[in-house]
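K.L.:
The sequence shown lines up with residues 169 to 305 when you count with my numbering.
Hints in this document: simulated from the structure, not taken from any laboratory. Note that the structure is a prediction, hence the values are computed from the model and not measured. We treat Cβ as the ideally placed atom computed from N, Cα and C, and that holds for glycine. Treat each hint with caution, since some may be false.
As the list claims (entries may be wrong) - Pairs of lysine to aspartate or glutamate, EDC-like flavour, derived with a Cα cap of 16 Å:
#, residue 1, residue 2
1, K201, E253
2, K192, E257
3, K241, D195
4, K213, D289
5, K200, E257
6, K200, E177
What the hints assert, rightly or not - FRET-style restraints, in silico, Cβ to Cβ:
#, residue 1, residue 2, range
7, D212, E237, 15 to 23 Å
8, T288, E179, 22 to 30 Å
9, I178, E257, 35 to 43 Å
10, E276, I182, 33 to 41 Å
11, Y255, N176, 14 to 22 Å
12, I178, N252, 14 to 22 Å
13, R187, E237, 17 to 25 Å
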Amino acid sequence: MYNDIFPNEIELRIRAEEREQVIKLLDILDNKKATDIIAIDVADKTIVADWFVICSGTSVIQVKAICDEVLEKYPEAGLTLRRNEGYTEGRWIVLDFGYVLLHIFYPEEREYYNIERLWTDGANEVIRWPLKAAEDK
(Lines of atoms letter the chains of each structure in order from A; the text may use other names.)
(Lines give C-alpha, C1' and ligand atoms only; values in the text may rest on other atoms or scores of the structure.)
Protein backbone atom coordinates (compact mmCIF):
# COMPACT_ATOMS: atom_id res chain seq x y z
CA MET A 169 0.00 0.00 0.00
CA TYR A 170 2.68 2.52 1.00
CA ASN A 171 4.85 1.65 -2.01
CA ASP A 172 2.24 3.31 -4.22
CA ILE A 173 2.56 6.54 -2.22
CA PHE A 174 6.20 6.51 -1.13
CA PRO A 175 8.73 5.11 -3.61
CA ASN A 176 11.13 2.69 -2.01
CA GLU A 177 14.89 3.13 -2.08
CA ILE A 178 15.38 0.88 -5.11
CA GLU A 179 12.85 2.86 -7.15
CA LEU A 180 14.56 6.11 -6.16
CA ARG A 181 17.95 4.74 -7.23
CA ILE A 182 16.55 3.57 -10.56
CA ARG A 183 15.02 7.02 -11.17
CA ALA A 184 18.36 8.68 -10.32
CA GLU A 185 20.22 6.37 -12.72
CA GLU A 186 17.68 7.07 -15.46
CA ARG A 187 18.13 10.82 -14.93
CA GLU A 188 21.93 10.46 -15.20
CA GLN A 189 21.52 8.56 -18.48
CA VAL A 190 19.18 11.26 -19.80
CA ILE A 191 21.78 13.92 -18.91
CA LYS A 192 24.42 11.95 -20.86
CA LEU A 193 22.04 11.77 -23.83
CA LEU A 194 21.46 15.53 -23.64
CA ASP A 195 25.21 16.05 -23.72
CA ILE A 196 25.54 13.86 -26.85
CA LEU A 197 22.84 15.94 -28.54
CA ASP A 198 24.48 19.22 -27.52
CA ASN A 199 27.89 18.09 -28.78
CA LYS A 200 26.32 17.42 -32.20
CA LYS A 201 24.81 20.94 -32.22
CA ALA A 202 21.19 19.91 -31.77
CA THR A 203 19.04 22.92 -30.86
CA ASP A 204 16.22 23.56 -28.39
CA ILE A 205 17.08 20.47 -26.35
CA ILE A 206 14.59 19.57 -23.64
CA ALA A 207 14.00 16.52 -21.45
CA ILE A 208 10.60 16.02 -19.84
CA ASP A 209 10.03 13.61 -16.96
CA VAL A 210 6.65 12.04 -17.73
CA ALA A 211 6.95 8.97 -15.50
CA ASP A 212 3.66 9.63 -13.72
CA LYS A 213 1.84 10.79 -16.85
CA THR A 214 2.12 7.90 -19.32
CA ILE A 215 3.14 4.26 -19.52
CA VAL A 216 4.90 4.83 -22.86
CA ALA A 217 8.13 6.16 -21.31
CA ASP A 218 9.53 7.89 -18.23
CA TRP A 219 11.31 10.60 -20.23
CA PHE A 220 10.66 12.38 -23.50
CA VAL A 221 13.77 14.04 -24.92
CA ILE A 222 13.12 16.49 -27.74
CA CYS A 223 15.55 18.40 -29.94
CA SER A 224 15.81 19.94 -33.39
CA GLY A 225 18.23 20.04 -36.28
CA THR A 226 18.39 22.94 -38.69
CA SER A 227 18.10 20.76 -41.80
CA VAL A 228 17.15 17.21 -42.76
CA ILE A 229 20.87 16.47 -43.11
CA GLN A 230 21.55 17.70 -39.58
CA VAL A 231 18.55 15.80 -38.16
CA LYS A 232 20.01 12.61 -39.64
CA ALA A 233 23.53 13.51 -38.44
CA ILE A 234 22.22 14.00 -34.89
CA CYS A 235 20.53 10.60 -35.12
CA ASP A 236 23.71 8.99 -36.46
CA GLU A 237 25.70 10.43 -33.55
CA VAL A 238 23.20 9.12 -31.00
CA LEU A 239 23.16 5.70 -32.69
CA GLU A 240 26.94 5.60 -32.40
CA LYS A 241 27.20 6.85 -28.81
CA TYR A 242 24.06 5.72 -26.97
CA PRO A 243 25.83 2.76 -25.30
CA GLU A 244 28.14 5.29 -23.59
CA ALA A 245 25.04 6.77 -21.95
CA GLY A 246 24.01 3.33 -20.69
CA LEU A 247 20.98 3.15 -22.97
CA THR A 248 19.62 0.22 -24.97
CA LEU A 249 17.97 0.92 -28.32
CA ARG A 250 14.70 -0.93 -28.89
CA ARG A 251 13.58 0.60 -32.19
CA ASN A 252 13.72 3.68 -34.36
CA GLU A 253 11.41 5.35 -36.87
CA GLY A 254 11.58 8.17 -39.38
CA TYR A 255 15.21 8.11 -40.47
CA THR A 256 14.46 7.82 -44.19
CA GLU A 257 12.41 11.03 -44.25
CA GLY A 258 14.60 12.78 -41.67
CA ARG A 259 11.94 15.22 -40.54
CA TRP A 260 10.90 13.52 -37.29
CA ILE A 261 13.06 10.68 -36.05
CA VAL A 262 12.09 8.74 -32.92
CA LEU A 263 14.58 6.55 -31.07
CA ASP A 264 12.99 4.29 -28.45
CA PHE A 265 15.29 3.45 -25.56
CA GLY A 266 12.54 1.91 -23.44
CA TYR A 267 12.07 4.42 -20.66
CA VAL A 268 13.45 7.26 -22.85
CA LEU A 269 11.88 8.34 -26.14
CA LEU A 270 14.10 10.66 -28.16
CA HIS A 271 12.38 12.86 -30.75
CA ILE A 272 14.69 14.58 -33.25
CA PHE A 273 12.72 17.11 -35.28
CA TYR A 274 13.08 19.26 -38.34
CA PRO A 275 11.89 22.68 -37.03
CA GLU A 276 8.64 22.83 -39.04
CA GLU A 277 7.50 19.42 -37.78
CA ARG A 278 8.40 20.31 -34.21
CA GLU A 279 6.40 23.52 -34.39
CA TYR A 280 3.44 21.76 -35.99
CA TYR A 281 3.21 18.83 -33.54
CA ASN A 282 4.43 20.81 -30.51
CA ILE A 283 4.61 17.70 -28.34
CA GLU A 284 6.46 19.48 -25.54
CA ARG A 285 3.38 21.65 -24.97
CA LEU A 286 1.38 18.49 -24.36
CA TRP A 287 3.80 17.10 -21.78
CA THR A 288 5.51 19.97 -19.94
CA ASP A 289 2.40 21.02 -18.03
CA GLY A 290 2.40 18.97 -14.86
CA ALA A 291 5.68 17.21 -15.67
CA ASN A 292 7.74 15.99 -12.73
CA GLU A 293 10.82 17.75 -14.11
CA VAL A 294 11.76 19.67 -17.24
CA ILE A 295 15.44 20.01 -18.16
CA ARG A 296 16.42 22.55 -20.80
CA TRP A 297 19.88 21.91 -22.20
CA PRO A 298 22.50 23.18 -21.97
CA LEU A 299 21.83 24.06 -18.35
CA LYS A 300 24.01 27.18 -18.37
CA ALA A 301 21.95 28.77 -21.15
CA ALA A 302 18.73 27.96 -19.30
CA GLU A 303 20.06 29.44 -16.06
CA ASP A 304 21.04 32.70 -17.80
CA LYS A 305 17.46 33.38 -18.91
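K.L.:
Indicate, hint by hint, whether the structure satisfies it.
P.N.:
Hints, one by one, checked against the model:
no., hint, in the structure
1, K201 to E253, "violated (21 Å)"
2, K192 to E257, "violated (26 Å)"
3, K241 to D195, "holds (11 Å)"
4, K213 to D289, "holds (10 Å)"
5, K200 to E257, "violated (19 Å)"
6, K200 to E177, "violated (35 Å)"
7, D212 to E237: 15 to 23 Å, "violated (30 Å)"
8, T288 to E179: 22 to 30 Å, "holds (23 Å)"
9, I178 to E257: 35 to 43 Å, "holds (41 Å)"
10, E276 to I182: 33 to 41 Å, "holds (37 Å)"
11, Y255 to N176: 14 to 22 Å, "violated (39 Å)"
12, I178 to N252: 14 to 22 Å, "violated (30 Å)"
13, R187 to E237: 17 to 25 Å, "holds (21 Å)"
In this structure, the hints that do not hold are numbers 1, 2, 5, 6, 7, 11, 12, in rising order.
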